[in-house]
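S.K.: First to last, the sequence lines map onto chains A and B. The first sequence lines up with residues 1 to 161 when you count with the numbering used here. The second sequence lines up with residues 1 to 234 when you count with the numbering used here.
You may find that some hints are simply not true.
As the list claims (entries may be wrong) - Some but not every residue of chain B turned toward chain A, in silico, with C-beta under 7 Å:
#, residue
1, Gln40
2, Tyr147
3, Ala189
Treat the hints as calculated values from the structure; they're not laboratory data. Cβ coordinates follow ideal geometry from the N, Cα and C atoms, glycine included.
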Amino acid sequence: MVTAEQIWSAFGEIPDPEIPVVSLVDLGVIRSVDVENGHVRVEFTPTFLGCPALEVMKRALEEKVAGLGAEPEVQVIQDDSWSTDKITPAGREKLRAAGFAPPAPREAGIPKLVQLHAKAFRCPYCNSTQTKLENIFGPTPCRSLRYCESCRQPFEQFKTI
Amino acid sequence: MNELLLGLADDELVIGWRDSEWTGIAPLLEEDVAFSSIAQNEIGHARAVYELLAEVRSGAGQAGTSAPGRAPSSLRTLDPDALAFDRPLDEYRCAPLVELRLLDWAHAIARRWLYEEADEIRISALMQDDDPRVAGLAAKINREEAYHRMHAEMWRERLADTPQFQAAVDDLWPYAAGLVPTEQREALATRIHRSLPSDKVLLGKERGVHTEQLAELWDEMTSVRRSAPAGAQW
Numbered sequence: 001m002v003t004a005e006q007i008w009s010a011f012g013e014i015p016d017p018e019i020p021v022v023s024l025v026d027l028g029v030i031r032s033v034d035v036e037n038g039h040v041r042v043e044f045t046p047t048f049l050g051c052p053a054l055e056v057m058k059r060a061l062e063e064k065v066a067g068l069g070a071e072p073e074v075q076v077i078q079d080d081s082w083s084t085d086k087i088t089p090a091g092r093e094k095l096r097a098a099g100f101a102p103p104a105p106r107e108a109g110i111p112k113l114v115q116l117h118a119k120a121f122r123c124p125y126c127n128s129t130q131t132k133l134e135n136i137f138g139p140t141p142c143r144s145l146r147y148c149e150s151c152r153q154p155f156e157q158f159k160t161i
Numbered sequence: 001m002n003e004l005l006l007g008l009a010d011d012e013l014v015i016g017w018r019d020s021e022w023t024g025i026a027p028l029l030e031e032d033v034a035f036s037s038i039a040q041n042e043i044g045h046a047r048a049v050y051e052l053l054a055e056v057r058s059g060a061g062q063a064g065t066s067a068p069g070r071a072p073s074s075l076r077t078l079d080p081d082a083l084a085f086d087r088p089l090d091e092y093r094c095a096p097l098v099e100l101r102l103l104d105w106a107h108a109i110a111r112r113w114l115y116e117e118a119d120e121i122r123i124s125a126l127m128q129d130d131d132p133r134v135a136g137l138a139a140k141i142n143r144e145e146a147y148h149r150m151h152a153e154m155w156r157e158r159l160a161d162t163p164q165f166q167a168a169v170d171d172l173w174p175y176a177a178g179l180v181p182t183e184q185r186e187a188l189a190t191r192i193h194r195s196l197p198s199d200k201v202l203l204g205k206e207r208g209v210h211t212e213q214l215a216e217l218w219d220e221m222t223s224v225r226r227s228a229p230a231g232a233q234w
């Protein structure tokens with residue numbers, strides 16, 4: 001009979017559909033796994049609601065559970081419980097190494113434009129904080145575009161939510 | 001059925017379609033990216049609210065606080081896609097502001113700004129809803145909308161002293177007032193430093209009526225689904 005530990009370990013092998021260097025466990029989108037008599041109930045928290053990868057992630061979770069011979073039930077939790085703070089330290093390091101600047105910590109209030117201009121966002125390539133905002137929006141809802149004035153490299157910055 | 005939530009979902013769906021019309025033709029490449037991303041996000045919010053409404057219809061209890069309204073016939077379905085695309089035109093609850101096809105940049109930006117201001121009032125109210133599913137989803141939407149507001153605010157500052165932008169805000173402000181319920185209009189007027197439009201000015205601009213532009217958009221938006229009326233698997 002499959003255990004929760006085996007399920008978690010299997011989920012750690014599912015790459016993010018858009019940034020495959022991190023797994024769904026690294027992203028922190030799996031809130032809980034409950035195993036009972038071969039039935040596996042998973043609570044999954046979406047990143048951005050507009051993210052087209054959500055369905056792919058949900059299906060990948062179901063397939064993984066079924067592949068271990070258990071019956072999956074993936075429940076999507078549409079509330080504010082996922083935050084970019086849930087990305088694990090290992091996940092943040094993998095993102096940075098792949099050229100994506102990890103998100104700044106969530107603050108009590110919602111982010112303001114002045115913070116995106118004023119805060120010290122680090123270039124993932126050269127570690128400089130001499131970077132500027134190019135576009136609040138990027139290739140996916142979760143990322144902004146910044147430019148490093150030290151190494152003259154544009155890079156993608158994870159938005160904080 | 002919660003008319004307030006259906007209005008929110010329909011607004012987000014339709015403004016998402018309108019915003020996506022700038023993909024490829026925005027005056028700056030960065031704005032092609034921004035409008036496309038905002039559109040994607042707004043449609044994602046619509047989907048999440050339709051899903052909640054579908055869940056409510058499936059018997060998990062009444063969602064939200066707003067006054068019970070007449071449930072449109074097609075809301076008997078439990079499928080969020082059917083909610084988005086299979087209703088006849090007169091069962092949509094979006095406001096005229098989001099329906100307008102706006103072909104100049106000043107108007108497009110004025111609408112984004114006015115919409116986000118109005119939407120923030122509405123979302124903040126929903127975050128206090130007694131139903132934790134409604135409050136939770138509203139809190140998540142609010143976090144994401146923060147980035148839309150930043151974009152709108154950045155452009156408002158950039159265009160604020162141009163006559164084109166001022167004229168666009170004059171044109172669209174009554175529509176923005178018509179998007180929120182009467183009791184929220186004063187708060188919106190204060191935020192954007194305008195006085196409340198008269199009933200005469202509001203005529204045809206308030207939620208509850210539709211513009212001709214919605215008919216064209218609906219025709220395009222639903223054409224693929226209508227091409228396979230028996231239901232197709234994509």
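S.K.: It remains to establish, for every hint, whether it holds in the given structure.
M.R.: Right, here's what the structure says about each hint:
| no. | hint | verdict |
| --- | --- | --- |
| 1 | Gln40 | 4 Å, holds |
| 2 | Tyr147 | 5 Å, holds |
| 3 | Ala189 | 23 Å, violated |
Going down the numbered hints, you'll see the structure goes against just number 3.
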